[in-house]
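Each residue of the sequence shown is one higher than the one before, starting from 58 at the first, in the numbering used here.
Do not take every clue at face value.
With a straight-line cut-off of 16 Å between C-alpha atoms, the simulated EDC-like cross-links for lysine to aspartate or glutamate are [stated by the list, open to error]:
id : residue 1 : residue 2
1  : 120       : 160
2  : 127       : 102
3  : 120       : 130
Pair ranges (Cβ atoms, derived) [unchecked claim]:
id : residue 1 : residue 2 : range
4  : 119       : 172       : 43 to 51 Å
5  : 183       : 77        : 24 to 32 Å
6  : 144       : 180       : 30 to 38 Å
Simulated from the structure, these hints should not be mistaken for lab results. The C-beta atom is built at its ideal place from N, Cα and C for all residues, glycine as well.
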Amino acid sequence: MTARRLRGDDGRVSLFLAAGMIGVLAIIGLAFDGAGQLRSMQRADNLAAEAARTGGQAIDRAKAIEGGPKVIDQVAARAAVNSYLAAADVTASSVEFPVVGGETLVRVHVTVTYDRYMLGFFGFGNTVTVSGEATARALTEGP
Numbered sequence: 058m059t060a061r062r063l064r065g066d067d068g069r070v071s072l073f074l075a076a077g078m079i080g081v082l083a084i085i086g087l088a089f090d091g092a093g094q095l096r097s098m099q100r101a102d103n104l105a106a107e108a109a110r111t112g113g114q115a116i117d118r119a120k121a122i123e124g125g126p127k128v129i130d131q132v133a134a135r136a137a138v139n140s141y142l143a144a145a146d147v148t149a150s151s152v153e154f155p156v157v158g159g160e161t162l163v164r165v166h167v168t169v170t171y172d173r174y175m176l177g178f179f180g181f182g183n184t185v186t187v188s189g190e191a192t193a194r195a196l197t198e199g200p
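Let the sequences and hints guide you as you build the complete structure.
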């Protein structure tokens, strides 16, 4: 008579590996898409800073040439900011001109979306929206 072999554990390793691979893919997705979201946040901050700098350079030249104060021309600054952001393919932004201590500043708020690649498979949303903000001013003193 031949001995019968019990086969109760067949396939358990395959099931364990399949479940483990899902966990590994989730961790890879968190790392990959998390890094992508951080890059998008940095991009939004950089775009806002550069756009604010561009707007801060739009001063009223006639007053500055005559020796008057360097005052930001709001119309020209808004046009410069919008032109810069349009060249960078940014569609959601806002420009404000707050007055602090008698000086007009340029504040730019930029919103950027990041398309997730892997986390959408695990029930997370396919896109995430991040934003950045920066403020610039016209220098009125020497270095």
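Note to self: To test your reading of the hints: which numbers does this structure violate?
What the structure shows: Hint 2 alone not satisfied by this model.
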